Amino acid sequence: RKEVEQDPGPFNVPEGATVAFNCTYSNSASQSFFWYRQDCRKEPKLLMSVYSSGNEDGRFTAQLNRASQYISLLIRDSKLSDSATYLCVVFTGNQFYFGTGTSLTVIP
Amino acid sequence: GAGVSQSPSNKVTEKGKDVELRCDPISGHTALYWYRQSLGQGLEFLIYFQGNSAPDKSGLPSDRFSAERTGGSVSTLTIQRTQQEDSAVYLCASKRPGAAHQETQYFGPGTRLLVL
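As given, the protein sequences belong to chains A and B, one line each in that order.
According to my numbering, the first sequence is numbered sequentially starting from 1.
According to my numbering, the second sequence is numbered sequentially starting from 109.
It is worth saying that the hints were derived from the structure and are not from the lab.
Owing to the predicted nature of the structure, the values given are computational and were not obtained by experimental measurement.
Ideal Cβ positions, reconstructed from N, Cα and C, are used throughout, including at glycine.
Hints may contain errors.
[Said to hold, decoys possible] On the chain B side, residues computed to face chain A include the following (Cβ under 8 Å):
#	residue
1	Tyr-141
2	Leu-151
3	Phe-153
4	Tyr-156
5	Asn-160
6	Phe-215
[As the list claims (entries may be wrong)] When the alpha-carbon atoms are kept at most 30 Å apart in a straight line, the in silico DSSO-like pairs for lysine-lysine are as follows:
#	chain 1	residue 1	chain 2	residue 2
7	A	Lys-42	B	Lys-119
8	B	Lys-123	B	Lys-165
9	B	Lys-123	A	Lys-42
10	A	Lys-2	A	Lys-42
11	B	Lys-165	A	Lys-2
12	A	Lys-42	B	Lys-125
13	A	Lys-45	A	Lys-79
14	B	Lys-165	A	Lys-45
15	B	Lys-119	B	Lys-165
16	B	Lys-165	B	Lys-125
17	A	Lys-79	B	Lys-165
18	A	Lys-45	A	Lys-2
19	A	Lys-79	A	Lys-42
20	A	Lys-45	B	Lys-119
With these hints in hand, go ahead and build the complete structure from the sequences.
Dropping the structure here:
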């Protein structure tokens with residue numbers, strides 16, 4: 001079983017839409033959780049950390065459910081510039097484990 | 109610059125040749141990771157360095173792959189006798205010490221390796 005699993009998509013949504021991505025992880029001892037964004041032919045960049053209490057950064061909201069080992073990312077009022085691949089990342093022990101990413105295209 | 113740098117940015121080589129990829133982490137970052145990303149695939153962990161501790165080599169796919177980190181800073185990933193399946197983007201990331209798992213990692217731009 002993979003450490004981190006994501007729906008690869010693709011998600012094609014119109015501008016202004018709300019879109020949600022989900023991720024599950026297999027190790028209950030995992031310590032920290034993140035969402036990264038990766039643009040085509042670029043390196044991954046941190047979007048936001050994810051906390052059990054939930055956290056919000058502008059149009060982006062991340063949630064963690066430790067009991068279900070489930071992480072989510074909600075993007076409201078989608079912009080064209082949000083088009084990218086979104087990577088779910090889990091830190092366990094000394095290693096970061098990456099999901100394969102969910103592709104988002106925001107359509108004008 | 110203040111970010112992680114990698115060189116070369118692109119490398120084309122012939123099957124069977126050796127290649128060296130370099131990573132300069134952010135100054136003061138004691139943890140350094142190497143990953144590989146094949147086209148359309150997720151990131152594959154290769155090796156992890158933390159300070160002066162022995163590296164975690166558990167992700168290296170074969171004994172043709174090795175890495176060093178000299179002086180706790182610059183790292184070199186070496187691939188010997190390259191094969192076509194080694195073609196990928198090799199990404200380096202560094203992480204600062206202290207708050208341990210709450211600190212995320214920062215990636216370099218990667219080296220795109222193509223083995224002909």
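Structure-based check of each hint:
{"no.": "1", "hint": "Tyr-141", "in the structure": "holds (7 Å)"}
{"no.": "2", "hint": "Leu-151", "in the structure": "holds (4 Å)"}
{"no.": "3", "hint": "Phe-153", "in the structure": "holds (6 Å)"}
{"no.": "4", "hint": "Tyr-156", "in the structure": "holds (6 Å)"}
{"no.": "5", "hint": "Asn-160", "in the structure": "violated (15 Å)"}
{"no.": "6", "hint": "Phe-215", "in the structure": "holds (4 Å)"}
{"no.": "7", "hint": "A/Lys-42 <-> B/Lys-119", "in the structure": "holds (16 Å)"}
{"no.": "8", "hint": "B/Lys-123 <-> B/Lys-165", "in the structure": "holds (24 Å)"}
{"no.": "9", "hint": "B/Lys-123 <-> A/Lys-42", "in the structure": "holds (26 Å)"}
{"no.": "10", "hint": "A/Lys-2 <-> A/Lys-42", "in the structure": "holds (24 Å)"}
{"no.": "11", "hint": "B/Lys-165 <-> A/Lys-2", "in the structure": "holds (19 Å)"}
{"no.": "12", "hint": "A/Lys-42 <-> B/Lys-125", "in the structure": "holds (26 Å)"}
{"no.": "13", "hint": "A/Lys-45 <-> A/Lys-79", "in the structure": "holds (18 Å)"}
{"no.": "14", "hint": "B/Lys-165 <-> A/Lys-45", "in the structure": "holds (24 Å)"}
{"no.": "15", "hint": "B/Lys-119 <-> B/Lys-165", "in the structure": "holds (23 Å)"}
{"no.": "16", "hint": "B/Lys-165 <-> B/Lys-125", "in the structure": "holds (22 Å)"}
{"no.": "17", "hint": "A/Lys-79 <-> B/Lys-165", "in the structure": "violated (41 Å)"}
{"no.": "18", "hint": "A/Lys-45 <-> A/Lys-2", "in the structure": "holds (22 Å)"}
{"no.": "19", "hint": "A/Lys-79 <-> A/Lys-42", "in the structure": "holds (19 Å)"}
{"no.": "20", "hint": "A/Lys-45 <-> B/Lys-119", "in the structure": "holds (23 Å)"}
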